[in-house]
Amino acid sequence: MVFHYFGKYILLIQAVFRKPEKFSIYKNEIFREMVSIGLGSLGIISIISVFIGAVTTVQTAFQLTSDLIPKSIIGGITRDSTILELSPTICSLVLAGKVGSSIASQIGTMRVTEQIDALEIMGINAPGYLILPKLLGGIIMIPMLVVVAIALSIMGGYLAGSASGAVTSQEFIQGLTTDFIPFTLAVAMIKALVFAFIITTVSAYQGYYTDGGAIEVGNSSTKAVVISCIAILISDYVIAQLLL
Amino acid sequence: MIEVKDVFKSFGDNEVLKGITADFKPGVTSLIIGSSGSGKTTLMKNMVGLHEPNSGKVFYDGRDFTSMDTEERIDIRKEIGMLFQGSALFDSMTVEKNIRFPLDMFTDQSKAEKLDRVNFVLERVNLAGKNHLYPAELSGGMMKRVGIARAIAMRPKYLFCDEPNSGLDPKSSIMIDELVAEITKEYEITTVIVTHDMNSVMGIGEHILFLHQGEKWWEGSKDEITSTDNKELNEFVFATKLMETLLKK
Ligand SMILES: Nc1ncnc2c1ncn2[C@@H]1O[C@H](COP(=O)(O)OP(=O)(O)O)[C@@H](O)[C@H]1O
Ligand SMILES: [Mg+2]
Chain C
1 MVFHYFGKYI
11 LLIQAVFRKP
21 EKFSIYKNEI
31 FREMVSIGLG
41 SLGIISIISV
51 FIGAVTTVQT
61 AFQLTSDLIP
71 KSIIGGITRD
81 STILELSPTI
91 CSLVLAGKVG
101 SSIASQIGTM
111 RVTEQIDALE
121 IMGINAPGYL
131 ILPKLLGGII
141 MIPMLVVVAI
151 ALSIMGGYLA
161 GSASGAVTSQ
171 EFIQGLTTDF
181 IPFTLAVAMI
191 KALVFAFIIT
201 TVSAYQGYYT
211 DGGAIEVGNS
221 STKAVVISCI
231 AILISDYVIA
241 QLLL
Chain G
1 MIEVKDVFKS
11 FGDNEVLKGI
21 TADFKPGVTS
31 LIIGSSGSGK
41 TTLMKNMVGL
51 HEPNSGKVFY
61 DGRDFTSMDT
71 EERIDIRKEI
81 GMLFQGSALF
91 DSMTVEKNIR
101 FPLDMFTDQS
111 KAEKLDRVNF
121 VLERVNLAGK
131 NHLYPAELSG
141 GMMKRVGIAR
151 AIAMRPKYLF
161 CDEPNSGLDP
171 KSSIMIDELV
181 AEITKEYEIT
191 TVIVTHDMNS
201 VMGIGEHILF
211 LHQGEKWWEG
221 SKDEITSTDN
231 KELNEFVFAT
241 KLMETLLKK
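Line order of the protein sequences matches chains C and G. Start counting the first sequence at 1; every next residue gets the next number (the working numbering). Start counting the second sequence at 1; every next residue gets the next number (the working numbering).
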């Protein structure tokens, strides 16, 4: 059963990458999706990132009770945990909810109102036209959002550290700049790319194979979020195993 | 001309089409009629390739559509226009963009040429000047007319309509029927309409195909339909008292 769905998913993705009918139209659609996914999610990503950083700093400070360990280590821990795990993963989980559900319900509505049939009758490759711009929009914008998220998380940590007195700003900055491994940033970007692919394609698949009416569109949208989230966490583990 | 040859289609154990053979000629409005569940929509979807027949073939002017792959079908698809039951307008696009969409995708016409064509077909369906409205701002009848305009924008050789007047008031229904019948004559289109509406049958039914439980039960014209002794067809035609009084003089 699982193999049946996975096969259908792979076939759909193959169809997505068939040669576009007209590149100029696809280009406009890609820009539209980039704006919708990128700008549309910037607000929520900014808010959660600042708080994630703040909470990480305060809680790390709480756990470091020994006087033997320098307080500056808090800066380093905040940096590494936001870059490696918190920013890519939590942002993607939130985006699975925001972007994924919107992709699934948009494509699902087009399916149940026969708009997808209309595209096919015209001779247009419906998976390509509908999904490729969202997929590219996602894999361009989500890594950028993750970069913003990392920066804001670290800033949130810095502010919360000094505000609460848990760590002075000098100590935090010192920790931040010591023993930085640039490879962690690469891992974050790889995660962001993979998660973006999962969010857009899984949600598009759920929408594309919606069958029925308004209720089924709602169901597809819920399933898109649930399955994307699970797939994100599983691949998070796999990437960590493979790369670290 | 569209030729349907011995088309069978099942969904699981449910055998919906049991060997349909029929010809549809250019310049003629053909109606596929039958009660709900008789397989009308399924037949149409098999003809246009939204479903694949289990066996049998569909030919478009001699070209074997059924054996073609997606790529090869594109050339024929460009010659097909279809009006959907719920209009299926792209709701993120204005009326003008909906109609221009196939032109944008498949032609290299200039902006002005495309706009000319859009305005021409809009005029043809009596919606001149509605270019910038969105589908959500249109009534059901107007949406159908935009659907027709979009379907004929590429000058199709074949036109399919699935229940074109479902959900419309009688006056709008007649308007849509007559519009489709006129366009069919005007541009020599091979038109196939799926309907269960006897008003349409008596209005524009030049060539009528009656489906019963997935079989072609009867074929003829509107002048013959009231005088047949086919039991199932009579039950369908005279289902309402009104029809009985009007037709059985
Ligand atoms: N996609 C499908 N999957 C399974 N069964 C279907 C599908 N489409 C139609 N059917 C079945 O085929 C039969 C005929 O349906 P349809 O062609 O829609 O009838 P009509 O248009 O004449 O009302 C019905 O029994 C319906 O349940
Ligand atoms: Mg039907």
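Be aware that a few hints might be false.
Calculated lysine to aspartate or glutamate pairs in the DMTMM-like style (CA-CA distance at most 20 Å, straight line) [said to hold, decoys possible]:
1) G:130 / G:91
2) G:157 / C:117
3) G:57 / G:75
4) G:97 / G:113
5) C:22 / G:113
6) G:216 / G:206
7) C:19 / G:91
8) G:97 / C:21
9) G:171 / G:182
10) G:45 / C:117
11) C:27 / G:182
Since the hints were derived computationally from the structure, they do not count as laboratory data. A quick note: this is a predicted structure, and the numbers were derived from the prediction, not measured.
Comparing the hints with the structure gives:
1. G:130 / G:91: 15 Å, holds
2. G:157 / C:117: 19 Å, holds
3. G:57 / G:75: Since the Cα atoms of residue 57 (chain G) and residue 75 (chain G) sit roughly 18 Å apart, the hinted pair holds (cutoff 20 Å).
4. G:97 / G:113: 14 Å, holds
5. C:22 / G:113: 18 Å, holds
6. G:216 / G:206: 17 Å, holds
7. C:19 / G:91: Violated, because 25 Å separates the two Cα atoms, which is more than 20 Å.
8. G:97 / C:21: 17 Å, holds
9. G:171 / G:182: 16 Å, holds
10. G:45 / C:117: Distance ~10 Å between residue 45 (chain G) and residue 117 (chain C) Cα, so the pair holds.
11. C:27 / G:182: Between residue 27 (chain C) and residue 182 (chain G) the Cα gap is close to 39 Å, so the pair fails against 20 Å, i.e. violated.
Hints 7 and 11 from the earlier list are contradicted by this structure; the remaining hints agree with it.
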